[in-house]
Amino acid sequence: DMFIAARLQRVKTYMQQPICLILVHCDALYESLYDLLNQHYMEHCGQRYVRIAHGSKAMKQCPIHDKFRIVVISEAEDAYMRLPAPLLNRFEKQTFSREDVMEEEERTLLH
Numbered sequence: 064d065m066f067i068a069a070r071l072q073r074v075k076t077y078m079q080q081p082i083c084l085i086l087v088h089c090d091a092l093y094e095s096l097y098d099l100l101n102q103h104y105m106e107h108c109g110q111r112y113v114r115i116a117h118g119s120k121a122m123k124q125c126p127i128h129d130k131f132r133i134v135v136i137s138e139a140e141d142a143y144m145r146l147p148a149p150l151l152n153r154f155e156k157q158t159f160s161r162e163d164v165m166e167e168e169e170r171t172l173l174h
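Be aware that the sequence shown starts at 64, since it is given in this note's numbering, and climbs by one per residue.
Do not rely on the hints blindly, as some may be mistaken.
Stated by the list, open to error - Dumping the calculated PhoX-like pairs for lysine-lysine here, alpha-carbon to alpha-carbon at most 25 Å: (1) K123 with K156; (2) K123 with K75; (3) K130 with K75.
As the list claims (entries may be wrong) - Label pairs and their computed distance ranges (CB to CB): (4) K123 with E168: 52 to 60 Å; (5) E167 with I67: 22 to 30 Å; (6) L173 with H103: 37 to 45 Å; (7) M105 with E168: 20 to 28 Å; (8) E168 with C89: 17 to 25 Å; (9) E168 with H117: 23 to 31 Å; (10) L84 with N152: 38 to 46 Å; (11) P147 with V87: 31 to 39 Å; (12) R153 with R73: 18 to 26 Å; (13) M105 with L172: 45 to 53 Å; (14) I67 with L151: 18 to 26 Å; (15) M105 with V164: 35 to 43 Å; (16) M144 with P81: 33 to 41 Å; (17) H103 with E168: 40 to 48 Å.
Since the hints were made in silico from the structure, they are not lab data.
Virtual Cβ for every residue (Gly too), placed ideally from N, Cα, C.
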């Protein structure tokens, strides 16, 4: 529980910056980031805010930078076998394999 709370605090800090945050193997955080992943923002005086939840507690509305982006990377097998369908439906899905970054010579070594 403390581990998740600490990771969520880091995400809150990153959300306030104009960066692209990449999450890999962060399954334990996705439920807490529901509103962020759904882009369910609230705006007040030109500032966007999003709710971050942790367990039964909802953290206050957290500021989010207009240029902040978040990318979730998951192994295909994990994505389709372990992650809940409603979570997957929140994302644009791209398939990327190791072979995609290999030269033709390197690919022949795999087969």
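The hints, checked one at a time:
no.	hint	result
1	K123 with K156	violated, 30 Å
2	K123 with K75	holds, 11 Å
3	K130 with K75	holds, 14 Å
4	K123 with E168: 52 to 60 Å	holds, 54 Å
5	E167 with I67: 22 to 30 Å	violated, 43 Å
6	L173 with H103: 37 to 45 Å	holds, 42 Å
7	M105 with E168: 20 to 28 Å	violated, 52 Å
8	E168 with C89: 17 to 25 Å	violated, 35 Å
9	E168 with H117: 23 to 31 Å	violated, 49 Å
10	L84 with N152: 38 to 46 Å	violated, 21 Å
11	P147 with V87: 31 to 39 Å	violated, 18 Å
12	R153 with R73: 18 to 26 Å	holds, 21 Å
13	M105 with L172: 45 to 53 Å	holds, 52 Å
14	I67 with L151: 18 to 26 Å	holds, 21 Å
15	M105 with V164: 35 to 43 Å	holds, 39 Å
16	M144 with P81: 33 to 41 Å	holds, 35 Å
17	H103 with E168: 40 to 48 Å	holds, 47 Å
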